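Enquirer: Chain by chain, the residues:
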Amino acid sequence: MSVLVYIESEEGKFKKASYEVASYAHEVAEMMGSSVTAVTFNADDVSELGNYGVNKVLKISNDKLKNFNAEAYADALKQAAEKEDSKVVVLSQSANSKYLAPLLAVQLEAGYASNVVALPESTDPFTVKRTAFTNKAFSFTKISTDVKVLGLSKNAFGLKEAQGDAATEDFNPNLSDEDFTVNVESVDKATNKVTIADAEVVVSGGRGLKGPENWGMIEEMADILGAATACSKPVSDMGWRPHSEHVGQTGKPVASNLYIAIGVSGAIQHLAGINAAKTKVVINNDPEAPFFKAADYGIVGDAFEVVPKLNEKLKEFKEKNA
Amino acid sequence: MKILVCISHVPDTTSKINFTDGDTKFDTNGVQFVINPNDEFGLTRAMWFKEKQGASVDVVNVGGAETEPTLRKALAIGADTAIRVNTPATDGYQVAKELAKVVKDGGYDLVIAGRESIDYNGGMVPGMLAGLIDANFVNNCISLEVDGEKATAIREIDGGKETLTASLPLVIGGQKGLVEESDLRIPNMRGIMQARKKPLNVVEPADTNTKTEAVKFEKPAPKGEVKLIDPDNLDELIDLLHNEAKAI
Chain A
2 MSVLVYIESE EGKFKKASYE VASYAHEVAE MMGSSVTAVT FNADDVSELG
52 NYGVNKVLKI SNDKLKNFNA EAYADALKQA AEKEDSKVVV LSQSANSKYL
102 APLLAVQLEA GYASNVVALP ESTDPFTVKR TAFTNKAFSF TKISTDVKVL
152 GLSKNAFGLK EAQGDAATED FNPNLSDEDF TVNVESVDKA TNKVTIADAE
202 VVVSGGRGLK GPENWGMIEE MADILGAATA CSKPVSDMGW RPHSEHVGQT
252 GKPVASNLYI AIGVSGAIQH LAGINAAKTK VVINNDPEAP FFKAADYGIV
302 GDAFEVVPKL NEKLKEFKEK NA
Chain B
655 MKILVCISHV PDTTSKINFT DGDTKFDTNG VQFVINPNDE FGLTRAMWFK
705 EKQGASVDVV NVGGAETEPT LRKALAIGAD TAIRVNTPAT DGYQVAKELA
755 KVVKDGGYDL VIAGRESIDY NGGMVPGMLA GLIDANFVNN CISLEVDGEK
805 ATAIREIDGG KETLTASLPL VIGGQKGLVE ESDLRIPNMR GIMQARKKPL
855 NVVEPADTNT KTEAVKFEKP APKGEVKLID PDNLDELIDL LHNEAKAI
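Heads up: the protein sequence lines correspond to chains A and B, in order.
Plus 1 on top of the position in the first sequence (first one is 1) and you've got our numbering.
Plus 654 on top of the position in the second sequence (first one is 1) and you've got our numbering.
What the hints contain is simulated information worked out from the structure, not anything from laboratory work.
Quick caveat, the model's predicted, so the values are computed rather than measured.
A portion of the hints provided could be inaccurate.
Stated by the list, open to error - Chain A is faced by these chain B residues, among others (derived, beta-carbon under 8 Å): (1) K758; (2) Y774; (3) K804; (4) D812; (5) K815; (6) T817; (7) I840; (8) K873; (9) P876; (10) L882; (11) I902.
Backbone N, C-alpha and C define an ideal beta-carbon position, used for all residues, glycine too.
From just these sequences and the hints, can you work out the full model?
Expert: So, in C-alpha cells, the structure goes:
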C-alpha cells in the first residue's frame, strides 16, 4: 500500500507545485503508516523528490506522452495506482491536474475531493477540509470509497523537506489507441512570462487605471517583482486586457504569496477569487473601496502618483537584496 | 447535432454564504439562484450552434423542484426542452452518474457543462460524465467549433492555450471564452412566454450512490484590520512586505 503522487514537469523539470504535493503526500503517508510513490512523465533527474519524502519513483519515459493528454495520463496513473496498491492519490490543482482528476477517479472508482487545503482531519473516516463557494467557505468532505483522489490547492500546504530515498524504477504503462482520441494540434504558450498559476507575486489592475494605455506601470511592477499580471472582470470584459488575465470567481483563482491590487474596487466576486493569496495589498483612491476590508496593507492614494514612486522603491529594494 | 447543456442551479455570485443545522447545510434563506455562470457561457454557445448549424439544444439539471425556475430561464434563453432528474444533487459522482443515463437515453452528440459550479467548486462533473459514458473530454474550454463529426476546441492551460481536435461524442467543461460576456442573453418577454409552454420533463433518478459527502461547513476566520500606509511613506510598505509579511 502506498500514497501515490502525480509529479508534473515542464520540459523535463519539476514544477514547484510538484514538491508541494510530494510534501503533502509524505505527511498523509505518515498518518496512514505507508510510503510515497511518485509518478513522473518524461522527467530528467528525479533525485530531488527524495528531499520531499518520496520513497519510490515510477519513472515513465514515453514520446507519446510528450504533450499532456488527460486520458492517457489518467490511464498511466491508474495503472501505477493499481501496481502500488495505492489507497490515496494526490494531485495539484493545475489546469492539467484538474483535467485528468475526474477521469482518474472514474477509472479507480474513487471518491475525489478537489481544492483540499489541509492534511486529512482523520483517515478513518477519511475527511478532508476543502474550499467551497469560491473561498467564501470551507467544506469538510468525507470520502467513503476505498481509493481516494485528492486535489491539493496551491500554496495551501507549502514545501516540507523530509528524507526519502526516491528509489527509481522505470515504468511502462500499457497505453492503447483509445487513450489518444483527443489530439493536441498546437500549443500557444508564452515561455518567458510568469503565469498566474505559478506566480509567487501577482500584480493586478482594475477599472481605476482608466484605460489599457496605462498598464505600463503595472507591467513594470510585475517585471521588478518577477510577478504575473492580472486584471479584474470589467477590465477583461472591456477588452483592455486578455481574458486569460481575468482573476476572480468566473476567472482564474489566485493563490500566490503576494497579491497587489491597483485601482481594483474589490467586488465580492473578485475578492472570492483572490482570497487564497497570502498577503494582499490594495492601492486605491477611494477609502470606501471594499478591497480595504479584505487587504492586509492599503494605500489610499492616486495610483498614477503612488505606483511609479513605489516602482522606484521596489527597484532599489531589489537591487539591494539581489 | 443533439446538444445537451448541463445546468447547475447556484447562488448568485453576490450571495452572502451562511449555513444552518449546526453548519451542515447551506442556508438558502434570502438567496437568489441563477444559472451557474460557467454553464451559461456553454448554453449561449449551444444556441449559436442551434441557430447557425441547426442543432437541437436540451438542458438538464439534477435537483429538486426548486431548481425549475432556473431551467425555465434556460428555456427562455432558447433551449428546446428541459429535463430535471428528480433527486437532490449531493456529490459530483452521483450527479455525473445521473447525467450519464440522460445522455445515453437521449443519444446526445455534444454535452456542454461548466468547468465547475460556483457553489461547491468540485470541478468533477464534466470529466466524470465523460469517463462514465466513454466520450471524449475537453476541460477549461474557451472556444468550440464542430464540423460534422469533428470538433476543434481550445483549452486554457496554465500560461497559455492549446488547440485540440476530437470526434463526437464529446463532453466539454466550459467557461468564459466559449462566448463573450456581451454575448450572454437576457430572456425577453417572448422568450419567457414561450418557455412556459416548452416541455420540462421530470425523470426519476437511476441510482443515488455517492462517494463523497460534505459533512460540515465552516466560514473563514474574520480578517484583521487593514494596515494603512501613508502614500508619502512607501518605505514603510516595503519594510512591512519584507520583514512582517515576508512576501518580497
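Enquirer: Give a verdict on every hint.
Expert: Taking the hints in turn, this is what the structure says about them:
1. Against a cut-off of 8 Å between C-beta atoms, the interface hint on B:K758 is violated, since the closest Cβ of chain A lies about 15 Å away.
2. Satisfaction of the interface hint for B:Y774 is found here, the shortest Cβ-Cβ separation to chain A being roughly 5 Å, below the 8 Å cut-off.
3. With a least beta-carbon distance of about 11 Å to chain A, the hint placing B:K804 at the interface is violated under the 8 Å criterion.
4. Checking B:D812 against chain A by beta carbon gives a least distance of about 4 Å; that is within 8 Å, so the hint holds.
5. Annotation: interface hint on B:K815 holds; nearest CB of chain A at approximately 5 Å, less than 8 Å.
6. Given hint, B:T817 at the interface with chain A, holds; its Cβ is 4 Å from that chain's nearest Cβ, closer than 8 Å.
7. For B:I840, the shortest C-beta to C-beta distance to chain A is roughly 15 Å, which exceeds 8 Å, and the interface hint is violated.
8. Of the supplied interface hints, the one on B:K873 holds, with its beta-carbon coming within about 5 Å of a beta-carbon of chain A, less than 8 Å.
9. Contact between B:P876 and chain A, as hinted, is not supported at the beta carbon level, the nearest pair being about 10 Å apart and thus beyond 8 Å.
10. With a least beta-carbon distance of about 5 Å to chain A, the hint placing B:L882 at the interface is held under the 8 Å criterion.
11. About 7 Å separates the beta-carbon of B:I902 from the nearest beta-carbon of chain A, less than 8 Å, and the hint is met.
Hint compliance for this structure: hints 1, 3, 7, 9 are broken, all remaining hints hold.
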